[in-house]
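One-letter residues, chain by chain:
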Amino acid sequence: MDLFFEQLINGVALGSLYALFGLGFGIVFATLGILNAAQGTYASWAAIVALAAADQYKLPFIPALLTGVVAAGVIALLVDQVAFQPLRRRGKDMLGALITSIACWIILDSLAGTATGHNSLSFPRGTYPSTMYHLGTIPLPVMQIITIAAMVAVTVGLHVLIRHSRFGAAMRAVGWDQTAASLGGVNPRYVVIITAFIAGSTSGLAGVLGGITTHNVSFMLGEGLMLKGFAAVVVGGYDDVRGTALAGVALGVLEVMTSQYLSSGLRDGITYALLLGFLLLRPRGLFGSLTYSRA
Amino acid sequence: MNAMQGILDFWAAYRSTLAFAIVNSFLALSTYAVLSAGILSFATVTYAAFGGFLGARLVLATGFDPMLTLPAAALAGAVLSYLVALIFLRLESHWMALASLALILITRVIVINIPVVTGGVNGMSVPLPVSLELLAVLIALAALVFWRLSVSWYGIAAQSVREDTAVASSLGIAPRKIQTIAFVISGAVGGLGGMLLAGALQFISPDTYFVNIAFTMIAGVVLGGSYHWTGVIIGAAVFTALPVIAQAIIPEFQDVANGIVLLLIMIFLPRGLVDPLSIRLRKNFQIPVARAIEDPSISKPGVVK
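Residue numbers (my numbering), protein chains in the order written: chain R, 1 to 295; chain E, 1001 to 1305.
By construction, these hints were calculated from the structure, which means they are not laboratory data. Each residue gets a CB set at the ideal place from its N, CA and C atoms; glycine is no exception. There's no promise every hint is true.
Claimed, not checked - Under 10 Å between C-beta atoms, here's a sample of chain R residues computed to sit facing chain E:
| # | residue |
| --- | --- |
| 1 | Phe29 |
| 2 | Leu35 |
| 3 | Leu87 |
| 4 | Ala97 |
| 5 | Leu98 |
| 6 | Arg189 |
| 7 | Glu223 |
| 8 | Arg267 |
| 9 | Tyr272 |
| 10 | Ala273 |
| 11 | Leu276 |
| 12 | Leu279 |
| 13 | Leu286 |
| 14 | Phe287 |
Make the full structure from the sequences, and use the hints.
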């Protein structure tokens, strides 16, 4: 039974990473209408910057973490303004933005490969808290607690921001129709920039925490998060952050339990089967709202 | 004499690039087949994997001539795509794109988990050389088919479905039927392309048919121009040659250079290199201008459409 609870906590912690990443990915899709293939590289870069800050500039844990997160936000902002803004001006075109996001993915991925020397690096001991708590006989690493807490805090924060604030209303309006939003007195450019920054830094947070807990800082980090985060967004419903968070955690638990009790080969299979199942049977996801659009 | 030698050297060095350009053209044409009916689908990768692994296994197991297995790979792709169409066409466009991405992810898991057919994680070597001549003949055939299709009843119907589904159905075109046909064409071309890719690479593994190939493909399509089949072939060729050229000039940052070129093209040439609309616009523009010179009373160019 101890093993079960230990794995449950592992699953929730892993799922929290997927959820955090998925939150960023989902905001871009819901507000900016872009399927952003470059989102994974924000996570990789956040981890790389945070590692450099902690290892080379000897920053303590929290400042290093924040440096990585802000860096990811800035990268996301730059990508948005360079790759998406020119297309946005010409009217909405999901295909075009997908292609430019692929271009940015290629660029940022290969630069990340160069930055890490094509190796998988890891945060050296002592640059992050490594205390081990115990819940009865179950070990509870402090990083897992931080990850889960960060996920809960970000989810609540984003939910309040999007659903209960003026800026959130503006975000939703821009996501629905940019022209209508600007007629309603919203400056879409400003909203888009802030949204891109929030999305980038949220995914970046997942990248830094993931880089620490999985001992893997490389361009592969972002790709792994990207595929699972994408699944979390679809299963949870991309226009509701609570759904994404819940689905991310559920996927993490499901994965850990599958490889513990069934077979590790099925691990990804179950996630993706669930993803496809949801797309076919309930495309709006667990919490997604019904939308109507004119032909 | 020296020049001759130079050409021969060039030919030897870039022969394989040309072969890959043709193979990628098949995959890009497969994506274009559905895109021309208004559907963004990445499922080509799945058809390619199916055709590739099935064809390669067939050759290895039975010792058939590869020429015989090529139609089998195309048929396998077509059947699979028909099944995919039955399920996917119920979805809205955005969801369809996402579902086809999910399909690629699942394809990889399946490929890994049936090592009897696919060799599992280790992949399998494919000892079937595909000659450049054969590839050239096949792409010429494919071009012929796509050309005839584009001017056929089906091609015109597909274009109208792409432009506006509601209008198309009010004109008596069944969008679902047209899109199903588009899927089947895409599947056949994709299955064939997958088999050719296996032959050109001589080795296939689960990673051969994965997300990156889908992205390269769609980039090739959009780069060349997603409104005409010639653009697709040109786009795939450019996107195959680009890394090779970048490798020769700046080996350190070849991927970065690729990405930047792709970005610039999308920003400055959003409709791709080959754009029937702009060609038509230019044509329409020239006639009235010529008439205007003869007859100064006409000063406005004709209605542009």
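Hint check results:
no.	hint	in the structure
1	Phe29	holds (9 Å)
2	Leu35	holds (7 Å)
3	Leu87	holds (7 Å)
4	Ala97	holds (9 Å)
5	Leu98	holds (7 Å)
6	Arg189	violated (17 Å)
7	Glu223	holds (9 Å)
8	Arg267	holds (9 Å)
9	Tyr272	holds (4 Å)
10	Ala273	holds (6 Å)
11	Leu276	holds (5 Å)
12	Leu279	holds (4 Å)
13	Leu286	violated (15 Å)
14	Phe287	violated (16 Å)
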